[in-house]
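Visitor: Which chain is which? The protein sequence lines are A and B, in order.
According to my numbering, the first sequence is numbered sequentially starting from 1.
According to my numbering, the second sequence is numbered sequentially starting from 1.
There's no promise every hint is true.
[Said to hold, decoys possible] Subject to a maximum C-alpha distance of 35 Å in a straight line, what follows is the list of computed DSBU-like cross-link-like pairs (lysine-lysine):
1. B/Lys176 with A/Lys176
2. A/Lys55 with B/Lys176
3. B/Lys2 with A/Lys179
4. A/Lys55 with A/Lys179
5. B/Lys2 with A/Lys55
6. A/Lys179 with B/Lys176
7. B/Lys136 with A/Lys179
8. B/Lys136 with A/Lys2
9. A/Lys2 with A/Lys55
10. B/Lys2 with B/Lys55
11. B/Lys136 with B/Lys2
12. B/Lys2 with A/Lys2
13. B/Lys179 with A/Lys55
14. A/Lys136 with A/Lys2
15. B/Lys176 with B/Lys2
16. B/Lys55 with A/Lys2
17. B/Lys55 with B/Lys179
18. A/Lys55 with B/Lys136
19. A/Lys2 with A/Lys176
20. A/Lys2 with A/Lys179
21. A/Lys176 with A/Lys55
22. B/Lys176 with B/Lys55
23. A/Lys136 with B/Lys176
24. B/Lys179 with B/Lys2
25. A/Lys176 with B/Lys179
26. A/Lys179 with B/Lys179
[Stated by the list, open to error] Chain A residues, not near chain B, derived (Cβ > 10 Å throughout):
27. Leu32
28. Glu58
29. Arg97
30. Ala131
31. Val138
No lab work stands behind these hints: they were computed from the structure.
Just so we're clear, the structure is a prediction, and the values are computed from it rather than from any experiment.
Glycine included, every Cβ here is placed at the ideal spot set by N, Cα and C.
2 protein chains.
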Amino acid sequence: MKVAFIVFDNLTMLDFVGFQDPITRLRTMGYLPDLEWRVCAQTPEVTDGTGLRLKVDEIHQPLEGYDLIFVPGGMGTRSLKDDEDFIGWIRSATPCRYKVSVCTGSLILGAAGFLEGKNATTHPAAYDLLAAYTPKVVRERIVDEGDLITGGGVSSSIDLGLYLCERFAGTEARQKIQKQMDYPYQAAFPVRH
Amino acid sequence: MKVAFIVFDNLTMLDFVGFQDPITRLRTMGYLPDLEWRVCAQTPEVTDGTGLRLKVDEIHQPLEGYDLIFVPGGMGTRSLKDDEDFIGWIRSATPCRYKVSVCTGSLILGAAGFLEGKNATTHPAAYDLLAAYTPKVVRERIVDEGDLITGGGVSSSIDLGLYLCERFAGTEARQKIQKQMDYPYQAAFPVRH
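Isolated chain A (complex conformation):
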């Protein structure tokens, strides 16, 4: 499995890292030895909403070769959802099987047309914005539509990452990753539709 972590200026870094941590443990802890991942953006470097500067692995490369794209949220999504060049690049992920977002990352998936007719969620402060892309806005922490999985605000990234660890590698893998992350909480039960 090949994962594209999409990043952009004014993302919320915890949206990204809270998901990236458990998912990358699928390889580093030996559960999915063939898992690969790349940090993908339109620029060589991105700066998050607090000034953190992250370097990018793949700059403005088409996304169709990935099995999963992950889009975090952050204030940057407010303008990027209407940025034709950015959304066109996200649309290059159309053939990718899994589309995953946390927080307002779902606005980007929506702008790319990936939410049509689908249940989806976002940060609780952005439900109205999400309604522009689907009438099926679900006020839950994790919404699983099979190949489209959306999460709630910022810290739901960890729950969503662990949830996909379980989907991709089973309960024992998820439990051991969760223990290694020293995460004692029980994730809100995901919604399936």
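Model the placement of chain B on the given structure of chain A, informed by the hints.
Guide: Only chain B this time, still in chain A's reference frame:
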């Protein structure tokens, strides 16, 4: 208040970002308008244990001018705790009031001599390593010694960050930051000694 976020190669990014997110919201959400922070390292860029590359604000600058230093954990701490140059740099934080760590970051604080006679914690898999620096290893998620505050593994970074939001700006600030982070969990009650 001026915060130094210490980073290094082979850190665990979630140890850092899980703490940095709530703490920086103290300024971005208006509770501590004078809060400043810098990402500090011995190199212009660091690479975490999964290949994420983060750029650094202050390269090998003395740390004594900060009010708080924060040290995350990660496999990098295993060698850095015995690296005289690195630990000498960390010791330049001796005058800083608050010393804070998550996960195996406490090994670095210990190697710098900041844990002598103090209760402290670390990742549950590293309690034995921490015992080299203090006999008072406490198996709790947050250990508050007043000016020295240590956290457990990886995801305890969020609980520790929120805990310090409450210490520095009060319950209402912490509650609003926690809500904005969409974090529904009740942190394990901190230990005070």
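Visitor: Take the hints in turn and mark each one as holding or not.
Guide: We went through each hint and held it up to the structure:
no.	hint	verdict
1	B/Lys176 with A/Lys176	holds, 32 Å
2	A/Lys55 with B/Lys176	holds, 31 Å
3	B/Lys2 with A/Lys179	holds, 33 Å
4	A/Lys55 with A/Lys179	holds, 29 Å
5	B/Lys2 with A/Lys55	holds, 25 Å
6	A/Lys179 with B/Lys176	holds, 28 Å
7	B/Lys136 with A/Lys179	holds, 23 Å
8	B/Lys136 with A/Lys2	violated, 44 Å
9	A/Lys2 with A/Lys55	holds, 19 Å
10	B/Lys2 with B/Lys55	holds, 19 Å
11	B/Lys136 with B/Lys2	holds, 29 Å
12	B/Lys2 with A/Lys2	violated, 40 Å
13	B/Lys179 with A/Lys55	holds, 29 Å
14	A/Lys136 with A/Lys2	holds, 29 Å
15	B/Lys176 with B/Lys2	holds, 22 Å
16	B/Lys55 with A/Lys2	holds, 25 Å
17	B/Lys55 with B/Lys179	holds, 29 Å
18	A/Lys55 with B/Lys136	violated, 40 Å
19	A/Lys2 with A/Lys176	holds, 22 Å
20	A/Lys2 with A/Lys179	holds, 25 Å
21	A/Lys176 with A/Lys55	holds, 30 Å
22	B/Lys176 with B/Lys55	holds, 30 Å
23	A/Lys136 with B/Lys176	holds, 27 Å
24	B/Lys179 with B/Lys2	holds, 25 Å
25	A/Lys176 with B/Lys179	holds, 28 Å
26	A/Lys179 with B/Lys179	holds, 25 Å
27	Leu32	holds, 14 Å
28	Glu58	holds, 12 Å
29	Arg97	holds, 22 Å
30	Ala131	holds, 18 Å
31	Val138	holds, 14 Å
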